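Just so you know, the sequences run in chain order A and B.
With my numbering, letter number 18 in the first sequence gets 18, and the count goes up by one each step, no holes.
To convert a position in the second sequence, counted from 1, into my numbering, add 294.
Honestly, the hints are just simulated from the structure, not real lab data.
It should be emphasised that the depicted structure is a prediction, and the values quoted were computed from it without experimental measurement.
Relax, there's no trap hidden among the hints.
Which chain B residues face chain A? A few, computed with CB under 8 angstroms, are given here:
1) Ser335
2) Ala336
3) Leu337
4) Ala340
What follows is a set of in silico ranges between Cβ atoms, one per label pair, in the way DEER data are often shown:
5) A:Glu127 to B:Asp383: 39 to 45 angstroms
6) B:Glu297 to A:Asp139: 52 to 58 angstroms
7) B:Leu425 to A:Thr150: 18 to 24 angstroms
8) A:Glu132 to B:Glu387: 43 to 49 angstroms
9) B:Asp391 to A:Ala73: 31 to 37 angstroms
10) B:Asp383 to A:Lys34: 19 to 25 angstroms
11) B:Thr329 to A:Arg43: 27 to 33 angstroms
12) A:Lys148 to B:Glu387: 15 to 21 angstroms
13) A:Asn108 to B:Ser420: 48 to 54 angstroms
14) B:Thr329 to A:Glu127: 51 to 57 angstroms
15) B:Leu400 to A:Asn260: 51 to 57 angstroms
16) B:Leu425 to A:Thr17: 54 to 60 angstroms
17) B:Leu425 to A:Val27: 37 to 43 angstroms
Every residue, glycine too, gets a C-beta built ideally from N, C-alpha and C.
The chain contents come next:
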Amino acid sequence: MPNLKDLKIRIESVKSTRKITKAMQMVAAAKLRKAQEAAEEARPYASRMAKVLDKLTSSNLDTTTGSPLLIGAGKSEKYLVIVATSERGLCGAFNSSIVRLAKSHISNLLSDGKSIEILTIGKKGREQLKREFGDSMIDHVDLSQIKKMTYEEASIISGKILEKFSKRDFDVAIIFYNQFESVISQVPKCQQLIPFERKAETDTDSEVEELSYFYEPDEQEIMEDLLPKAITAKIFTALLENGASEQGARMSAMDNATRNAGEMIDKLTIQFNRSRQAAITNELIEIISGAEAL
Amino acid sequence: MSEDRFNFELVTPEKVLVSREVESVCIPGVEGDMTILANHSALATAIRPGYLKVEESGKSETYFLAGGFVEISQKEVILLAEKAALESDVSVEIITDLIQKTEQALEHASELQKCVLAKKLNDLKSIKDQLQK
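Given these sequences and hints, build the entire structure.
See below:
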């Protein structure tokens, strides 16, 4: 049995750990509110954009002359895998769940004979993927200097991707991120960026309306203008969802840690009290038996 | 909804700026400014940098737009802007910043985009000149 002094030191150290995790939890809760708001405010733009593009493409999809961003490069040999993670750890399974999903996708692609390139956003994903796929990593986006995710940041990233696509460095781009569902649940998601994924056409009754659109300047130019923006919007929402998920994951992880620390303190305190009691009883026995011997 | 009003939405990537019934909006389209009233025919157009005027019951608000896209249908008008701000919040610095970014984009743009970007740059410069006066 450890002696009293050791126990005391351990209790103190767990207590200070609990203070830290508690503080982190509260910081994450405050940040979560902001991140969640940002993610929710960004959703209308992305959904409207998707709706407009859906209308535009469904009424006049030309598979021969359309923009390669829409119809693809004509093959799907080279993949660009974008893995969005956080800059910091201590957020539960947040990063590892994205990485796990990305890894299984990558190994599927590799076994299908495709070649891959990896672009990582956020330090944690790069660290975890470097060991296995270090040779395929082509670029990394550092988010550590960015306090608040803005549309400009997303457009810098999408600019990089589009430039690579125009050089035909890859045929298909997919992004991995965590979709924010609630504080306790974040779902790792995989989304195709290029070629632009259209929703399955389920409602045909709205088609009559779509055909009567006038376009200014012309459809080709509008598409050329709109598609990169739609991709930027997708990346932007993915990053915001990721940001909210990160804070949510950290908050629940730190909540768990705080609770565990509390339990540990209780256990240690009981142990401490018992051993103190045992020591006192021991001393009493010694005194009494000493007195009897006289 | 009354006869002469329609639903107008101004959406930026960061948030929804306007979402209400208005009487008319004046949009800086790439092919020229246009005023939209209720029951406009369906139209989709790109937007050049410029000012958007929203009018309702005698009051009007002016927003600065840095390009975007507008979709006009019978029911509603949806404006997707990359960047939008109230006219009073726009400063020369913001415009200068945008001009720099556009110039950078112009350097490595494809032929088709170049023409669009060059136009955009011109529009931004003229707005800057106006502001400085």
